[in-house]
Structure formats: structure tokens, C-alpha cells
Amino acid sequence: MRRRALPFLLFSMVFLLTGCWDKKEVEERSYVVAIGLDLPKGVDLEKEQAVDVTFQFSNPKLNVKGANPAEGAEMEDIITLTAPDFVTARNMANSFVTREVSFSHNKVLIISEELAKTEIFYRMLSTAFKDREMRREANIIVTEGKASEFISKNKPEMMVRPHRYYQFLIDRATETGMVPESTINRFFAITDGDADLFLAMYGSYDKNNKETGFQDEDQYIAGQVPKRGGNPIQLIGSAVFKEGKMIGTLTGEETRITRFLDNTAELRDLFSSFQDPLDKRYKIAVRLKQTKKLKVKIKKRNGPPKIEITYPLDVKVLSVPSMINYADNLENQEKLKTALKNKLKENAENLIEKTQKEFKGEPFYWSLNVRPLFDTVKEYEEWDWMNKNYPLADIHITMDVNIVGFGKQLKESNIEKVRD
Amino acid sequence: MRKDEKDKVGFREVLAIMVFTLGLKGTDISTVLLLREGLNAAWMIIIGSFLFIIPSLLILSSVLKKHQTKNLLEITQLTMGKPFAFLIALSLLFFTLMNTATDSRSYMTQLISVNFPNTPLFILYLCFLALCMWVAKKGWEAIGSIAWAVFPYLMIALAMLYVLMFKEAVFYRIFPLFGNGKWEIVKASFNFSSLFAELLAMMYPFVKNHKTYTRSLYSSLLLTVSLMALMYLSYIWMFDYRSVGKITYPFNEAIRIVSLGRNITNIETFFITLWLVGVFVKFVVYIYFVSKIFGFLFHISEFEHTIIPISILILVIGMIPENNEISLFVIRTNTLAYFKYLFLFLPPMLWVATKIREVRAA
Amino acid sequence: MRNSFFKKSKMFTLEMSKECLDDPILQKGEFFSGDISLDSTIIKQIYSYPTNIDFMIRELTIHAMEQKAVLFYIPSLADPKLIDEGIIKPLITTGNVIEDVRSAISASGVSEEREINNAIKELNTGDTLLLVEGQAQGYLIRTSKAAGRNVEKPQNETTLLGPKESFVEKADVNISLIRKKIHSEDFTVEKMVIGERSKNEVYIIYNRELAGVEVVSEVKARIGAITKDAVQNLSLLVQHIEDRKRGLLPTILQTERPDRAATFIEDGYVVIAMNNSPFALVTPATFWSFFHTGDDHYLRFVYGNFTRILRILAMFITLFTPSIYIAITNYHMEMLPTDLLLAIAGAREMVPFPAIIELLLLETAFELIREAGIRVPVPIGPTIGIVGALILGQAGVEANVFSPIVVIVVALSGLSSYAIGDVNLNYSIRIARFGFLVAAGLFGIFGMVSCFIVCLAYLTTLKSFGVPYLAPLTPKYKSSDDTIFRKILSNENLRPGFTKTKDITKDVIRNK
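Residue numbers (my numbering), protein chains in the order written: chain A, 174 to 593; chain B, 1078 to 1439; chain C, 1088 to 1599.
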């Protein structure tokens, strides 16, 4: 027994005295919830690698009996520094942040448009993921101005903790379809696949000088939504990335259509308004939902391919301010349907044309539908969907619109009788 | 009524052991090799290499049936003479030893680079092997029992993982169906046919009887191959074939991405825990086999005593490569390349030798 | 007072040993002579009468036989009323001629004994020895009645729907409590005497047609191998016959419920009973027999399994919660939802100790309070203990010594441990918890998994009387698979195969 116990004792002594290499108490770290990346000022990127990194920390409020809780909340927890890349910025930050900077709870990566348009951005991002704490499910937000300002201007009203703010903002925005889902995993999958465009959320902060006047509710891009008060931060529309570089933007409406045309995107429901076909002054509010999958048929030909798309949508009419009876008048219903079809088709065609002409690539992830046409990766990649075929393709859209309901109120009240 | 006297390893235990030892290959660094060779058809390589090894398995099974109580090396000795058996055993020992050493090292590196970045490899490796050694010394029945005791829970967790991964999956990413091309897949399947090489070593255990053995062999192989193929498919579905090639540990990356709803997002530690349990079982089995072969080679009937020196040897060999990538791209590729012939051609040779002996005897 | 007592006892032993050495009559295998005065002198010497006041001699004359007779008994063990009414009265008052002494006594159990030593053995258990002039034999009359309590409700293994009686300190009562549930001629009780000096009786109870031969003989062999001169009760006996005496886990089940004991006997197990122990031992025991309770089968299928889920959950919570807390907060904090993480970090901001020390301190405090609660002589002891723990936790949090989350963790694991019914299993899990805690503190999840594997390897190699500890889970045996879950009763038609039972099916009797 004693002979057996001795090595065991020595063994455990060694560990008790030297162990705990990775041990770190929770309060010994600072948790970054948002990383902002900007182009640094006064550094020539051709000669030197550098980036402005902004960290937003979610610091715990001091939870001590007797201490005044209000004091702890006002801590300055946003810092900006210039570093070779944002992984090494972690250690640089420790020159004034006392705790180990941890990325493991990072929710978003906020990138300024300026940086996203340079070639260095993709290099920086793809190597950063060698770091074990970087998470692929974090979202990318591209901001119109500086990322550091986007973060610092952000004054969420109810939520004190920034990570909640980002979580809710992203969740809700993707549900309404105004912004795309833009996880880093998707960014890599699409960029490495080199056949589609990647869409990132597009955000901005109020400058109060860019308002373009009133439009339909989803025609804006970030920074243009007419509003007064509230948080200066807006998230609407999307930034288009081609081969890891940002090349343009889409409005909120275009983003919504993109997401309807993309089978891999999930949309819960979205409200939209259309002109009333029978009384042009008014707008009908509808709820759009896609219950069936989009069908994409691609025919390989000698020239540019022919693409036939069946675009299914379920429409639920929510409000009819013109007070026209659509619910039990089948003729009117048919008219409404045709009008909706034409409008939706027109919107989609406009967008497709824009992508073909302007971006020379599609953000709908249709390359997935191209793939089954090929047996091997080699053939598929040589055929080069994005560069050689899509911009020239002949695309036809067939609408499949169903009006599935008229809300919980069947008829509008008869305005004439009310006035009487 | 009182048949269950012998405490030998039965169907369930063998099944669990085989699924652990083989199935875990779908989660380690060897996925990189396969995904590099096969791109999005890597899952076909799994099935293909399984098909390659089937004939020799069938032949082996029939050979084993003739010599009910003997293991592979004993049969070799019996049919082809001592020197040849010695040679086979020596090369087998070399292979399993190298395999165990590089594999265990690579699993530890995987654990370190994802979960324990500051812990020295040597310490973690030492602890790991010491524990495996201790369990291996408990004997074959204990290993089987441990494997079976944790098997259901691991399978439940795995099923859960698959469901969660499917939520993140884009199924069209499986296309173009044949990846690098059909012929490439066949070639790669042949090259990787020693993926299932452990099965030959599986002849050793004291399985209850031949029927149990064949039953467990086939069912576990089918289960493992389907699980592994599904795992590779999930990687492709989640990351796409170009992107997955850049990831060193697709498994770890996959379990980081999956989430249970919105609030419980980071559940990788849960899966890592169960994965580690599997890894422990796997290397306990490996160490046991290596010492068993060693025991045969040098006529040590109480081969359990060799477990300690062999574990130390594994530790030493495992610590030699400078980094994990060397062990992966140089050592493992080479051992896999050469030793597949052993696993492919030994069973037919044995069969022929047995036949010849039979004819002579008649 | 004490002084005089000591003196007395010294004198007593001295005197006795002297007599023992000197007296040539006292030899082994001596028989009754038939001469009362001679025999009673011998017996008197053996019991050092009259120094020893706990020994009675009653001389009388049986008129019907016209013979002298003498009665010997130990008043503290024998029932004086029974002696009076059942032996003395009939012998003295009868008018008829007595030809056979046995027929003249109205006590229930009478046997004849020729050898003095054997008679003394029985005398020591409370029997009365009757010697009649001219007969070279003694009559042993069963009159034993030691002081004891009545059958009461079980204290440790309470159930909702099961019978409400529990074993008491008398073996014959215990045996009858079991026996009344099994009306079968195969029900066998064997007696073994251990302890050279104190002559303790051990009863081995089993069903002759069901219990495996190996287990029965193993039990007998192990009990027979005990060389200790006194084994007072079962709690001590267990430690002589169990498998791994230094091991963490119990390998013999102690139950205080006669209905559970009867169920085990019907499944082919062997039960051991003994005087002075308000419970019975069940051998062989598997992990599952400690995990199960009586209620599992008394409750309906769904409810029974529900309680089992709760209990296995409680076991896991007890075992793993503190270590998971340490592993996650110290090593894998990405696992926590951000809000929770910040809550923990905020609470820990002012705490002076590392989390592991904090947890160890509080766990130790909880265990101390628990132990103290058992030693508090009133039944409200445990309640006071829990309240004490909570107040301690509260004050510790107020003073920033502990963070509130650690109090939650400790309270959770501590309270869950009360759901583990078996006392022995309870202890082993509470001890193992500290092992996990230290392992998690050293290596996070890796440490925990290592510790888990060690436990599993230990469990799978552990055997109780030759039966694997985790059977029938692994290795597999033919059985009704009553492990974590149970089947519906009509499907539980197999006896557990690992007991090597002679008849494995429960429906039709096969081996008769």
C-alpha cells in the first residue's frame, strides 16, 4: 500500500503545485462584445500592415452590497487602438485594460466601408480565425462611416448591456428581412466558393444630412431612414461583397427580395406596402411569407445559360385604407393579385438586372443550383458561374403568388355610411 | 439457463469499442487529409474504402471460423510458419505503435489548440497516457464494459449534434457530386483503405464466439461507416468544400457553430466532454492492442505487464514530432500508404495457406 | 462508584480465570452426569455464581416424579413469566405422574442436550436449562426474551405506498417479518455462530430453490473465515465480509425494510440477519440495488420511473455541479451565456479567494454542518443543519467572503444529495464529489473526464460476491433489465441472471 501511495502522492503534488495553466477566473477577463475595424489614419497600407481596432467591452456591474450601483455603470468601456491586426491588438490593449481581453463572447464584427473596400480586409479576417477564441457565428456589420464611431454613438435606450443590444438588433433585423444574415461562416463559405456575392448587414449612424425624403418603408439604406429621436444607430440594407471586397450596397427592399430569392435564407414574416390597384392614392399593407421553396432551373447552353425561376410568395392582406372590398369580391381579388404579381416581378427583375450589370454576380446563392449540373469540382469551377455565365444569363421569372388571407377583420367599414 | 458464466465480451461491448475506435476518426485531424483528397466527395471515400476492405474481411472471417479460438497472429503462425508470423507481427507492432503514438499526440494537440492553449503538451499527454495505461491494465472485459456503459449517451449526444448541425446545413453544398472526379475517389478510397485497419487487430479480443464476432463486426462497421459519412457530409453542408479545407479541426469548429436556440449558443464544451470520453476509450483499446501484439511477438503470456513500458514508449514517440502537422502530413500519410497492403493482402494469403494445408492434409 | 466497579470486575475476572485453570472438571465435551449437585456446581463455577448476579438457579422438587430438579437461566435474557407459567407451575402443581418431562412442560420449544458446553451455549442466548435428578441430560426450554423495541416504521428507507414496518434488533422477529411474506417450504434459514468469545449468531436466509449455490457458499465461507472473537452486529459484520474493504463504494446492501429483503430473496439473493441489527444485509449487491428504493415498484410504472429519473438527476447534480461550475468558470467560460457570465463576474469582483477555494470552503462547511446535524440528538438536527448552512451562506455573501452563485451551487449539490436514499452510496458520492472538484480545478473538463473514466473503470472492475457491480448493464446478463428504468411489472418476468439463480424465469416453476 505504501509503495503504491508514494508515486501517487508525488504525482498529485506535482500537479497541485504546478497545475492550472489555463485557469483564469471569470473576473480576470474583460469580455469584448463588439470589435470594430477601421482604416488607420496616417499609415500607408501599401508599406505597412495596420488597422484601427475598437473594442467594446461588456463589463459586469459591480454587484456589491453597500456599493452604489449607479457608479459602476458609467465606466468607459470602448477603446480604440492602432495595431497590426486585431488579434495582436488584444495584448496591446492590456497596456491600459487591466484584464485579459477575451473574444469568446464576441457577437459582431463591425467594419467600416472604407476598410471593407480594400483588399487587405479579407486577408486580415481569414487569418484572424486561426485564433481559437474567434467564433464563426459572429455577424459582420459594415458601417457607412467609421466603425469606432458607430460603436461609440450607439446609445441603446433600454438595454444597458451592449451584447444584448447587438443580439436583439441582429435577430430582429434579420427576421424582418431588412438586413441579411451575415455570419462569418457564411462569409467564408461564399467567398471561398467564389461563385456568389456575400451580403453583410449595412449600418450607419445618424448624420441628419442625408435624408432623402419619404419613400416606401423599405427603400432606404442605412442612415437615411427618416426618424426623430431614439438611438442614432440604424441597420438597414446590405453591403455587397465580391471576392472578399465590398463593391456596393443594396437597399432594404432589395435585401428583402434577395432573401426571398435565396433558398438558404430564412425569413419569418415581413410587412410591406403596395399601391392599391383600384385606388392609386392608397397603399395596401400586406404580410409576405415564403412557404414554398424557390425553384431555379438552369439550362446549360453553348452561350449564356437560360435560367427559369419560379418565385412563390404567400400574401396576407392586412389593411386596405381605400376601403375597397377585396375579401369577397373575387374580381377585385384577381386584380389585386395581378397587380401584386407584376409589382413583385418588376422589383425582382430590377434587382437581378442590377446585380448582372452593376455587380456582375448574384447574391442569391444560386450557384448551389448550378452545382448539380456538374459531376466534378473541376468542371464546375472552370465553367465559372459568377464571372463568365451569370452576368450574361437569360433570366425568366414566373410568379406564384397566393393571397392566403385578409387578416382578422374581413371587411373594412363602409366609409360612405360612416360619413353619413 | 446458466450459460452466461463466462465473463467474455459480448456483442454490445464489441460494437461500442469498434464504433469508438473507428468513428472518432471522423472528428480528428485526419479529416483534413480526406477533405483535401476528396473535397465534397470525402464522404464517398469513407464508403469506398469500406468497400475495398470488405473482401479481405469476408475472407478473414472464413479463416477465423476454421480456427475458432485462435487469433490472427496465431493463425498466421500455424499456417505460414514462425518466421513469417514474426515478420507480420513485427510490422503490425510497428504500425500500431506508430499509429497510436501519432494519433494520441494529434488528439492531445487538438485538445490543446482548441481548449487548453496554455497547458504544456507534455503534461496533458502524460496525464492522458497514464490514465489510459491504468485503465488498460484493468483488462479487456473492463474496457468493454466501460465502452458499453458510455456508448448510449455518446450516441444520444451524437444524434443531437447531427440534428443541430442539420439546422445550420445547406444541403445543396454536396454538389458537384463527385468532387475531384470518380477515378480520384476510387484512388483515394484505395489509399485510405487502412482507415478501417483496426478491425484486423480486432481479431484479438476474446469475443464470446464466432457468431457474436461476425455479427458485431458487420453491424458496427455499418454503423461506423454511416456515422462517419454523415459526419463528413455535415462538414461539407456547414462549411462548403473550399472553406472546410482551411479548417484544421472541422469537428471543433462545427460544435462551436451549433447552438440550442438563441440563448444557449456556446455548447461546444458539452460535446467536447463526451468526445473526450470517447477518446479515452479509443486509446485504452489501442494501448491494449499494442501490448497484446508485443506480448505475442516476444512470447510474453502475461502481456498486461508490458502495458506500462509500452505507454512510456508511446509517450516518447508521440513527443518527437515538432508539431502536429508533421505527424499528420509526413508520418501518418506514409504509414497509411504502406500498411494498407498488409491489411488488404494478409487475409487472402492466410486463406490460401489454410487451403493448401487442407489439401496437403487430405 | 466507578472505582469500586473496576475493582469488582477485576476481582471477577481474576477469580474466574483462576477457577477455570484450576478446575479439572471443566473440559470440553463433558457430559451431564445425572447428579444434580455435581452438575450444578459445574455450571455455577462456569457462571461464577453467586458473584455474577445475572444468573439464576431455581431448585425445586417435582412431586409427581418425586425427584429434585433445578432450573438455570439468565434473568436478563429469559422471560421470567414464561418460566414461571410454562415450566415451574406445571412441574410443581401437576397431580399426575410424570413419565416424560417434556410432556409436562407447557413451553413451546424444548430440546434435550447431553453435552454441558452446548447447553451453556443455549443458556447464553436466554434459554432455560432444566436438570432433573437421575437423568444424564438437560432440557433446554426456549424462554429467551431480550429487551427490545417493537416493530416500528422505517427511519431511513421511507416509502409512500410500501409497508410501514421495519426490522428491529431481534433476529427472530426480523426473520418472521420476512417469512410472513414468503410462504414457501424452500425458505431456508441457516445459523452460523461467529466470535469465539461472544458467540454471535448470524442467520443466512435464502430460498433453497432460487439462490445460486456459489453465492450461498461464498457467503458462508466469508462469514466462517471471520476470526474476530466478537462481532456485535451486522454493521460490523459487513466490514468483515465485503469485497474491497478500502474501496469507496459499498458492495453489500443494508436494508431496513423486510419487504425489500423478501423481494431480494425471491430474486435469488442471499440475505443475512443478525441479532442487535435493525436491518438485513443483501448479497450480492449491484450498483442498481443501491440506487433503487422500495417505492420504485410500489408506484405505478410512470411514476416509479419518474422518481428514478429524479434520483439519477440528483446523483449527477450532487456529483458534478460543483466541478462543472469550476471547470466552466475557470476554463471554459465561453460556455456560459453572456448575461450569466457577467453576473458571475460581477458577483465575484469583491470575493478574495479563487473560485475553487471558495467552493471547497463552502462545501466543507456544508459537510460539517451536516455531520453535526446527525450528532445533534434530536430529530430536528438535520433541519437545524440546513438552516445553519443557509444562514452561514447568507452571512458569507453579505461579508463578501463567498459569491452568491457559489452558495447556490453548494446548496444545490447538498440538497440533491439527500435524494440519494442509501446511506452508503450517499457517502461515497459525497466523497467522490471532492475528487471531481479537485480534478476540475486542475484541468477543467479534461480533469473531469479523466476522473469520470477512473470512476467508470473502478465501477466496471468492482465485484460483489463474484457479481460485476454494474450488471446487468454491463456485462450483460439475462435479467429484467431493472437498471435506471424499470419495465412494467408483467414484463419483468426474469430473475437477475448475475445471481446465478437456479430458476431464471419468474412465471412458471421450472426446476421442480
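Hints listed in this document are in silico derivations from the structure and should not be mistaken for laboratory results. There may be inaccurate statements among the hints.
[Claimed, not checked] Selected chain B positions facing chain A (Cβ under 10 Å, derived; list incomplete):
id: 1; residue: N1192
id: 2; residue: A1226
id: 3; residue: N1257
id: 4; residue: V1321
Just so you know, even glycine gets a beta-carbon here, dropped at the ideal spot from N, CA and C.
Practice problem: Would you pick out the hints that fail for this structure and give their numbers low to high? | Solution: Those not satisfied come down to hint 2.
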